[in-house]
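There are 6 protein chains.
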Amino acid sequence: MTRKVAVFRTAHFNAAHRLNVPQWTDEQNKAYFGLCNNANYHGHNYELEVKVVGAVDEVSGYVIDMKVLKTFIDEEVIEAFDHKNLNLDVPDFASLNPSAENIVWVIWEKLRKRIDNQFELSVRLYETPRNFVEFNGK
Amino acid sequence: MTRKVAVFRTAHFNAAHRLNVPQWTDEQNKAYFGLCNNANYHGHNYELEVKVVGAVDEVSGYVIDMKVLKTFIDEEVIEAFDHKNLNLDVPDFASLNPSAENIVWVIWEKLRKRIDNQFELSVRLYETPRNFVEFNGK
Amino acid sequence: MTRKVAVFRTAHFNAAHRLNVPQWTDEQNKAYFGLCNNANYHGHNYELEVKVVGAVDEVSGYVIDMKVLKTFIDEEVIEAFDHKNLNLDVPDFASLNPSAENIVWVIWEKLRKRIDNQFELSVRLYETPRNFVEFNGK
Amino acid sequence: MTRKVAVFRTAHFNAAHRLNVPQWTDEQNKAYFGLCNNANYHGHNYELEVKVVGAVDEVSGYVIDMKVLKTFIDEEVIEAFDHKNLNLDVPDFASLNPSAENIVWVIWEKLRKRIDNQFELSVRLYETPRNFVEFNGK
Amino acid sequence: MTRKVAVFRTAHFNAAHRLNVPQWTDEQNKAYFGLCNNANYHGHNYELEVKVVGAVDEVSGYVIDMKVLKTFIDEEVIEAFDHKNLNLDVPDFASLNPSAENIVWVIWEKLRKRIDNQFELSVRLYETPRNFVEFNGK
Amino acid sequence: MTRKVAVFRTAHFNAAHRLNVPQWTDEQNKAYFGLCNNANYHGHNYELEVKVVGAVDEVSGYVIDMKVLKTFIDEEVIEAFDHKNLNLDVPDFASLNPSAENIVWVIWEKLRKRIDNQFELSVRLYETPRNFVEFNGK
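Residue numbers (the numbering used here), protein chains in the order written: chain A, 8 to 145; chain B, 8 to 145; chain C, 8 to 145; chain D, 8 to 145; chain E, 8 to 145; chain F, 8 to 145.
Each hint should be verified, as a subset may be incorrect.
For chains that are exact copies, the list does not tell them apart, and a pair is met inside one copy or across any two.
[Unchecked claim] Taking lysine-lysine pairs in the PhoX-like style, the calculated list, with each CA pair at most 20 angstroms apart, reads:
{"hint": "1", "residue 1": "K58", "residue 2": "K74"}
{"hint": "2", "residue 1": "K77", "residue 2": "K145"}
{"hint": "3", "residue 1": "K145", "residue 2": "K58"}
{"hint": "4", "residue 1": "K37", "residue 2": "K120"}
{"hint": "5", "residue 1": "K58", "residue 2": "K11"}
{"hint": "6", "residue 1": "K58", "residue 2": "K37"}
{"hint": "7", "residue 1": "K145", "residue 2": "K37"}
{"hint": "8", "residue 1": "K37", "residue 2": "K11"}
{"hint": "9", "residue 1": "K77", "residue 2": "K37"}
{"hint": "10", "residue 1": "K37", "residue 2": "K117"}
{"hint": "11", "residue 1": "K145", "residue 2": "K74"}
{"hint": "12", "residue 1": "K117", "residue 2": "K11"}
{"hint": "13", "residue 1": "K77", "residue 2": "K117"}
{"hint": "14", "residue 1": "K37", "residue 2": "K74"}
No wet-lab data here; the hints were simulated from the structure.
It should be emphasised that the depicted structure is a prediction, and the values quoted were computed from it without experimental measurement.
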């Protein structure tokens, strides 16, 4: 009898960013993104919640080893994003606006490559406790 | 390539209410709703979590402008409910028992009228950190 | 060797109230208290944090039995305030404006009578996660 | 017009456990479960979130009486698990490794027997704020 | 009979910063501040907790009008710091390293000028949920 | 001009324990400690908050290097207590009842030895979000 359980692991990183669309004028960017367009950047404590759904192994009682999942998150996300300027230091955002929607997508893509396809993957990203996003690959 | 992302925005309001079914006797109401039936009302810090699911705009990197979503929530919910008595001050509950289940439905209806139909809408309402409800229109 | 340790116990109650000074006119009350003056009341999930400081008993390792402290809080505060209208249902506020500052004082007085004078007592009361008060008897 | 609303109720219990697979050697268990395999046990403040989905009763405005749901949780989970050693004191784990995935499954089974089949049931269990699991019966 | 009560009001701002001492070499700065020295900045969701201690007014039941206190915080701190780069956009940090210790001091000085001297003032600043600081003017 | 700032650093550990006084009979222990006396142990996610008060260094802007403080906490507390049975695995509690009051005292003593005496030290320990203790060495 196979049971599917979702397991969640959290992590966090602190980063600077600004929202800006290069093909728009400064006025357009300022009008659309407001304070988030500040040329000198602002920043957040991003809180990450990674959800992996799969069958529970009947011997170990695990869906996936959380220590292994933590290593994937550390290597793919924390080392790349923590204490960085997303616009300047992270190549993924060289030409992609680092909105929460785009950041969660980039994180999902990075983790998807490391997590076996037998597992479903969903990622939630808190930009602040009041604004957050979720992507499940669809 | 279209990606669908869920974006969440939180808000809060403080309100008084009582649970009471007019067609029941006082004894029936007291027996069923217990302390929540107190004739002089009690109250809560309601915490609201609005979820909007839609395609990410490839230029702006937004699903929906959070500032616009915040305006909808402020105009439809906070102005109508904050520092109010739900039973006496909010016409939606003139003949509808303001249970958390009914409040979340009323909020969903109010927001649905303001949010474009290309977006899915779901609303979660915390009456306390221990009791909460969610409605997605189905 | 006597060590003094502070022990904290939390509790919560949900209540309605309004802020109003009877000797002021309606206009004065509305101007000063704003939305909090709503004649039909509003409400909160009040979170209470009771701090008791005393010497650690060398045999039991306790400052005070938390189960006893919980009983004091339940009997003095929760039974009197939970699911009540503070203005109408609680005699302490018959002629005392139920501001957070006054509620925390009333709670402190009620608990002080039950807790042995060898212990210092301080009470913190969260009206919302953004507004809170503290009173230590001085 | 039937509306389906999800209602959530939280609870908590404090328990000791260790992760161990009897058919494995001590070395295998230590290598796989790490610190969680400690022979003398460790423990957690488990936080439980029970989700029940059903139609809102048009008269009462309730999906299910939360006081009844709380009684089910208290009787089935809290009395059985709180301040217990899951491996030694809880028969469900006599031959089942008390991983979070297995605990959430056992809780779901216990609650499913008490909650009418017209309702969907899902259970989330926080082992720590950083590690949690969810099971919905599928 | 005068009672002194502490009232607390919270606020938040999102900002970028880097830790750097101009009179040190790059190597010294990197060695001492580690990732926090990143030349392109990183950022935080700063959470602020302002504590004001004073006598409760016997008529109004207030220590200080929270709406007035909120205005002081908005004008002195949020407008100056929110969605800013502390090093580049905030003159206070032109030659002062924006460590949490220095930020909380600057905030305290700004608020002290606005709050009547009959009140004691203390400020707590969360840089992350895991790192925070407090300053009371001494 | 010397300013004294308090800096706080949090940490957490998961441990099993039981409350028991060897010189008391089983009946006395059960009557006094209730469920916490369970012979097979129960457990908690302990959350630790370490407060260090000292002068801000005018060059670095630090009271104490948080990375150094984190190392002290990891070496003295986390390595000794995390995923352990406090009664069986931690020599400090071989003959000392591991009540929260005694645990916070033991942690304070361990950290006091590592932190320079120019700094004041205070430790808060959450056994659960509802029960916590604080010790400052007096």
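inquiry  = If the cut is 20 angstroms between Cα atoms, do K145 and K37 qualify within a copy, between copies, both or neither?
reply    = neither (31 angstroms within a copy, 39 angstroms between copies)
request  = Could you place K58 and K37 in one of the four classes (within, between, both, neither) given a Cα distance threshold of 20 angstroms?
outcome  = For K58 and K37, neither the intra-copy (35 angstroms) nor the inter-copy (26 angstroms) Cα distance is at most 20 angstroms.
ask   = Taking 20 angstroms as the upper bound on the Cα-Cα distance, should K145 and K58 be classified as within, between, both, or neither?
value = This pair counts as both: shortest intra-copy Cα distance 15 angstroms, inter-copy 16 angstroms.
ask   = Given identical chains, is K117 near K11, meaning Cα to Cα at most 20 angstroms, within a copy, between copies, both, or neither?
value = For K117 and K11, only the inter-copy Cα distance (17 angstroms) is at most 20 angstroms; the intra-copy one is 23 angstroms.
request  = Could you figure out if K37 and K120 sit no more than 20 angstroms apart (CA to CA) within one copy, between two copies, both or neither?
outcome  = neither (36 angstroms within a copy, 29 angstroms between copies)
key: Intra- versus inter-subunit Cα pairing at 20 angstroms for K37 with K11   = For K37 and K11, the Cα distance exceeds 20 angstroms both inside one copy (46 angstroms) and across copies (26 angstroms).
request  = Check K37 against K74 for me: Cα-Cα at most 20 angstroms, and say if that holds within a copy, between copies, both or neither.
outcome  = between (43 angstroms within a copy, 13 angstroms between copies)
Up to 20 angstroms CA-CA - K117 versus K77, copy category = This pair counts as within: shortest intra-copy Cα distance 14 angstroms, inter-copy 30 angstroms.
request  = Check K37 against K117 for me: Cα-Cα at most 20 angstroms, and say if that holds within a copy, between copies, both or neither.
outcome  = neither (31 angstroms within a copy, 28 angstroms between copies)
request  = Indicate which option fits the pair K77, K37 if close means a Cα-Cα distance not exceeding 20 angstroms: within, between, both or neither.
outcome  = between (38 angstroms within a copy, 18 angstroms between copies)
message = When Cα atoms must be at most 20 angstroms apart, do K77 and K145 count as within-copy, between-copy, both, or neither?
response = neither (24 angstroms within a copy, 26 angstroms between copies)
ask   = 20 angstroms Cα cut-off: does K58 pair with K74 within a copy, between copies, both or neither?
value = within (14 angstroms within a copy, 28 angstroms between copies)
Violated hints, listed in ascending order, are 2, 4, 6, 7, 8, 10, 11; each of the other numbered hints is respected by the structure.
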